[in-house]
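> Given next are the chains, with one letter for each unit.
Number of protein chains: 2
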Amino acid sequence: MADFASPTAETELLTIMGGGLVGSLLALYLAQHGHAVEMFERRPDIRKAGPVEARSINLALSDRGWRALEGVGIADSVRDVAIAMHGRMMHDPHGQLTYQPYGQEGQAIYSVSRAGLNRRMLDLVEQNPRIRVAFNQQCQRVDLRQQIVEMLDTERGESRTVPFRRLFGVDGAYSAVRGAMQRTERFNYSQHYLDYGYKELTIAAASGGEWALEKHALHIWPRGQYMMIALPNLDGSFNCTLFFPFEGPVSFEALQTPAHVRAFFEDVFPDAVPLMPELETEFFENPTSSLVTVRCYPWTYHDAVLLLGDAAHAIVPFYGQGMNAGFEDCTALHELLTRHGRDWNVIFREFQQQRKPNADAMADLAVYNFEEMRDRVADPRFLLQKKIESKISTQYPDKWLPLYSQVTFSHLPYAEALANGQAQEQIMQCLMPHIQTEEDYQRPEVQQLVAAEMAARA
Amino acid sequence: MADFASPTAETELLTIMGGGLVGSLLALYLAQHGHAVEMFERRPDIRKAGPVEARSINLALSDRGWRALEGVGIADSVRDVAIAMHGRMMHDPHGQLTYQPYGQEGQAIYSVSRAGLNRRMLDLVEQNPRIRVAFNQQCQRVDLRQQIVEMLDTERGESRTVPFRRLFGVDGAYSAVRGAMQRTERFNYSQHYLDYGYKELTIAAASGGEWALEKHALHIWPRGQYMMIALPNLDGSFNCTLFFPFEGPVSFEALQTPAHVRAFFEDVFPDAVPLMPELETEFFENPTSSLVTVRCYPWTYHDAVLLLGDAAHAIVPFYGQGMNAGFEDCTALHELLTRHGRDWNVIFREFQQQRKPNADAMADLAVYNFEEMRDRVADPRFLLQKKIESKISTQYPDKWLPLYSQVTFSHLPYAEALANGQAQEQIMQCLMPHIQTEEDYQRPEVQQLVAAEMAARA
Chain A
1 MADFASPTAE TELLTIMGGG LVGSLLALYL AQHGHAVEMF ERRPDIRKAG PVEARSINLA
61 LSDRGWRALE GVGIADSVRD VAIAMHGRMM HDPHGQLTYQ PYGQEGQAIY SVSRAGLNRR
121 MLDLVEQNPR IRVAFNQQCQ RVDLRQQIVE MLDTERGESR TVPFRRLFGV DGAYSAVRGA
181 MQRTERFNYS QHYLDYGYKE LTIAAASGGE WALEKHALHI WPRGQYMMIA LPNLDGSFNC
241 TLFFPFEGPV SFEALQTPAH VRAFFEDVFP DAVPLMPELE TEFFENPTSS LVTVRCYPWT
301 YHDAVLLLGD AAHAIVPFYG QGMNAGFEDC TALHELLTRH GRDWNVIFRE FQQQRKPNAD
361 AMADLAVYNF EEMRDRVADP RFLLQKKIES KISTQYPDKW LPLYSQVTFS HLPYAEALAN
421 GQAQEQIMQC LMPHIQTEED YQRPEVQQLV AAEMAARA
Chain B
1 MADFASPTAE TELLTIMGGG LVGSLLALYL AQHGHAVEMF ERRPDIRKAG PVEARSINLA
61 LSDRGWRALE GVGIADSVRD VAIAMHGRMM HDPHGQLTYQ PYGQEGQAIY SVSRAGLNRR
121 MLDLVEQNPR IRVAFNQQCQ RVDLRQQIVE MLDTERGESR TVPFRRLFGV DGAYSAVRGA
181 MQRTERFNYS QHYLDYGYKE LTIAAASGGE WALEKHALHI WPRGQYMMIA LPNLDGSFNC
241 TLFFPFEGPV SFEALQTPAH VRAFFEDVFP DAVPLMPELE TEFFENPTSS LVTVRCYPWT
301 YHDAVLLLGD AAHAIVPFYG QGMNAGFEDC TALHELLTRH GRDWNVIFRE FQQQRKPNAD
361 AMADLAVYNF EEMRDRVADP RFLLQKKIES KISTQYPDKW LPLYSQVTFS HLPYAEALAN
421 GQAQEQIMQC LMPHIQTEED YQRPEVQQLV AAEMAARA
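Residue numbers (the UniProt record's numbering), protein chains in the order written: chain A, 1 to 458; chain B, 1 to 458.
Treat each hint with caution, since some may be false.
The list makes no distinction among identical chains, and a pair is therefore deemed to hold if it is satisfied within one copy or across any two copies.
[Claimed, not checked] In silico lysine to any residue, SDA-like type, Cα no more than 25 Å apart, as pairs:
1) K356 to P249
2) K391 to R114
3) K199 to R186
4) K215 to P357
5) K356 to F246
6) K199 to E185
7) K199 to P298
8) K356 to L194
9) K356 to S190
10) K199 to R183
11) K356 to T293
It is worth saying that the hints were derived from the structure and are not from the lab. None of the values given here were measured: they were computed from a predicted structure.
Work out the full structure, taking the sequences as your base and the hints as a guide.
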């Protein structure tokens with residue numbers, strides 16, 4: 001085995017900018033292929049951080065993420081600390097509940113703590129003799145031509161210049177590596193913000209560390225132009241996120257006092273407020289964060305630089321696919337490394353050609369799902385349509401996989417999922433005028449229509 | 001009249017970053033409203049530059065541009081050095097010509113020299129006692145909060161800090177002012193490049209300073225995936241632009257030697273080559289430039305900063321509207337200044353709300369027109385459709401103004417022009433299957449169809 005200090009002719013020293021979830025996973029995959037890896041992370045080592053810095057938000061891990069974790073042998077240990085969410089639980093303004101399963105029996109997405117997952121992956125990274133990781137390393141400058149990065153050690157206040165032969169930019173939505181590429185000729189780039197922000201809040205554990213709401217569901221309070229969601233934690237609490245307009249009559253800007261906040265929440269989230277003892281404090285102490293979609297292209301600079309994860313394709317969180325898409329990048333790169341060995345030119349080129357349309361599709365799906373979650377899931381007609389789709393899927397399992405399942409429970413390329421979903425929606429537009437109740441699905445003319453559409457999809 | 005040094009309470013010292021065409025025009029308008037203006041330009045004074053630096057490209061001035069020039073009283077003097085182009089002259093691969101008028105009798109777009117226009121405007125700027133202009137001023141940094149800009153005098157090599165109360169960013173597609181705004185919270189931004197570049201070439205004057213091609217036309221050599229165009233100069237020459245793929249089998253990358261270039265041009269532009277004595281030299285000495293569309297929003301930073309022109313909305317040149325759109329920004333701002341006086345908050349807000357949808361529409365139209373120019377104008381069916389549209393317009397002048405005329409010969413907001421054009425295209429999709437020749441327009445069923453559509457547009 002090549003050790004870190006002396007990569008052989010067969011291996012290479014690879015540089016990773018960013019030691020978050022995707023960066024850590026990427027390091028493990030590259031090491032698995034025999035490469036020596038140095039990884040720079042801007043923040044302090046999260047494993048040594050106090051409870052405030054390590055304050056965890058939750059992520060929804062689904063099939064694409066699991067596959068990527070399996071590839072480096074850590075899926076089982078992560079599964080031990082993940083909570084299955086089998087469906088959406090909608091809370092209406094009177095506290096009435098409606099449940100919608102995400103998929104078939106046994107399928108689920110999994111609530112995991114971002115900080116916990118990151119810690120576990122850093123342990124693995126540090127145990128790997130091929131990987132060297134440095135924390136508190138702020139990237140000050142990337143010189144693409146000279147192939148050097150200027151790193152500031154924020155603990156020691158010292159800068160140094162680090163040469164690289166191959167640089168992997170996994171430094172997130174505000175990537176410094178991408179920033180350097182943006183100044184090259186003909187780099188396509190866009191950053192688009194929603195007019196909504198989000199704020200993390202908490203539903204406390206019930207007495208005895210029990211869960212005050214159904215544990216195995218993702219909870220949604222859909223309110224048309226805004227919504228709150230909650231994901232379960234291991235300690236019985238739920239991590240809530242309020243997605244809310246920045247400005248306007250009902251907005252962060254409009255809620256200026258603790259009394260305001262309480263009155264508003266009691267009005268629109270009456271069943272949640274009693275479970276949120278720290279509501280006012282959290283509302284004014286926790287930051288209001290923005291929601292950005294970043295698209296860019298190319299993701300490569302010759303055979304020297306490759307962007308992955310949020311640095312290449314930051315998306316809004318409404319499909320729970322941000323981390324999963326980044327992890328799938330690692331799976332895709334792993335497959336290309338297996339196929340093409342050290343032919344980095346081919347690997348980088350095929351990676352971006354393969355992943356870019358999928359990243360674009362996922363970005364569109366994520367924005368689309370916000371509307372669905374905050375608005376349509378509260379509409380009985382929409383829920384009826386979802387039930388009918390589920391029936392079609394049961395009757396024609398080879399021809400109809402619901403869009404949500406394609407994205408969440410399959411490894412179908414996102415771009416194909418989006419195209420399939422659009423075709424399905426067109427069929428439902430034709431079908432739904434004939435359907436008033438679940439039972440109508442069995443009516444002969446409906447069955448005939450469905451059969452005709454399915455035959456056309458042969 | 002308030003002189004430059006002492007703006008009164010009624011006036012203000014306004015700062016303009018960028019002394020190009022739009023910056024100069026803006027300075028004249030702001031001075032007209034009684035303000036003192038300081039204008040910084042990165043380049044040397046073009047009026048003192050040698051022939052190489054002042055090498056001129058041509059612009060197509062149309063109605064929106066003329067109106068803006070009229071507002072500061074310089075339209076007449078510009079008209080003296082402008083050449084009317086009444087239509088497109090298409091050159092097929094055998095040198096055969098087809099002519100398509102742009103509008104009605106007497107309507108034209110005008111070929112003007114960018115450098116000549118810029119010189120004329122700088123003369124006016126410098127004569128205006130309210131305006132102070134400084135050249136060789138490179139903007140190093142814009143601090144939006146502190147309201148200062150750091151300017152480097154590139155001649156003297158000295159930097160200084162300049163405070164501003166109101167800053168107008170008209171510093172072009174790669175705007176430094178916009179760069180600072182891009183780092184603020186929730187700034188939407190995109191830069192998108194075509195896979196095409198362009199190169200300026202020259203058709204020489206014929207003997208005696210005559211024009212070797214029809215003088216009063218814009219010449220196009222449409223070749224499907226690429227094209228060349230030519231605009232007349234006062235000295236008998238034509239300024240040509242080749243729009244050509246960067247990469248691929250037929251591309252800048254593929255043409256590597258002078259012999260290659262000549263053989264290719266003789267093959268595809270046979271009637272132009274004999275008129276281009278400097279072809280090979282120019283091809284390898286002139287730069288290959290890229291084609292970018294820039295969109296962003298907001299265009300304001302509180303009531304302190306406003307973006308206009310290419311800095312707010314850089315577009316590709318295929319509709320000849322880049323400069324005209326920037327000039328129309330000045331007209332729009334002038335109207336708001338007239339209406340709202342010194343209420344900058346309102347002026348800035350209304351400006352961006354009014355102009356942003358129009359800028360977006362114009363950006364789409366410009367990309368669309370590239371396809372039309374390089375490809376569709378060589379299609380007899382397309383040219384027939386244009387003739388039929390012209391007949392409809394003649395028959396129903398109140399209900400049908402061709403899209404090109406809406407954009408070029410009217411002051412209709414670009415967004416409305418785009419919407420109208422899309423509606424017209426839908427009508428033509430229904431009509432054209434019934435039409436094989438120009439005469440078919442008179443057939444009763446065609447006349448009936450047209451009458452029905454026009455009635456629907458009542």
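> None of the hints should be skipped; say for each whether it holds.
Against the structure, the hints:
In this assembly of identical chains, the alpha carbons of K356 and P249 lie at most 25 Å apart only when taken from different copies (24 Å versus 38 Å within one copy). Taking the closest pair of Cα atoms, K391 and R114 never come within 25 Å of each other, the shortest separation being 35 Å inside a single copy and 66 Å across copies. When the C-alpha separation of K199 and R186 is checked against a cutoff of 25 Å, the pair qualifies only between copies, where the shortest distance is 16 Å, while the shortest distance within a copy is 36 Å. With identical chains, the CA atoms of K215 and P357 are never at most 25 Å apart, being 36 Å at best within one copy and 46 Å at best between copies.
In this assembly of identical chains, the alpha carbons of K356 and F246 lie at most 25 Å apart only when taken from different copies (21 Å versus 30 Å within one copy). For the homomeric pair K199 and E185, the shortest alpha-carbon distance between copies (16 Å) is at most 25 Å, but the shortest distance inside one copy (38 Å) is not. In this assembly of identical chains, K199 and P298 lie within 25 Å of each other by CA distance solely across copies; the values are 23 Å between and 33 Å within a copy. In the homo-oligomer, the alpha carbons of K356 and L194 lie at most 25 Å apart both inside one protomer (22 Å) and across protomers (17 Å), since each shortest distance falls under that limit.
When the C-alpha separation of K356 and S190 is checked against a cutoff of 25 Å, the pair qualifies both within a copy, at 14 Å, and between copies, at 17 Å. Taking the shortest Cα distances, K199 and R183 sit within 25 Å of each other only across copies (22 Å), while inside one copy they are farther apart (33 Å). Both within a single protomer and between protomers do K356 and T293 lie at most 25 Å apart by alpha-carbon distance, with minima of 14 Å and 20 Å respectively.
The structure does not agree with the numbered hints 2, 4 stated previously, though it agrees with the rest.
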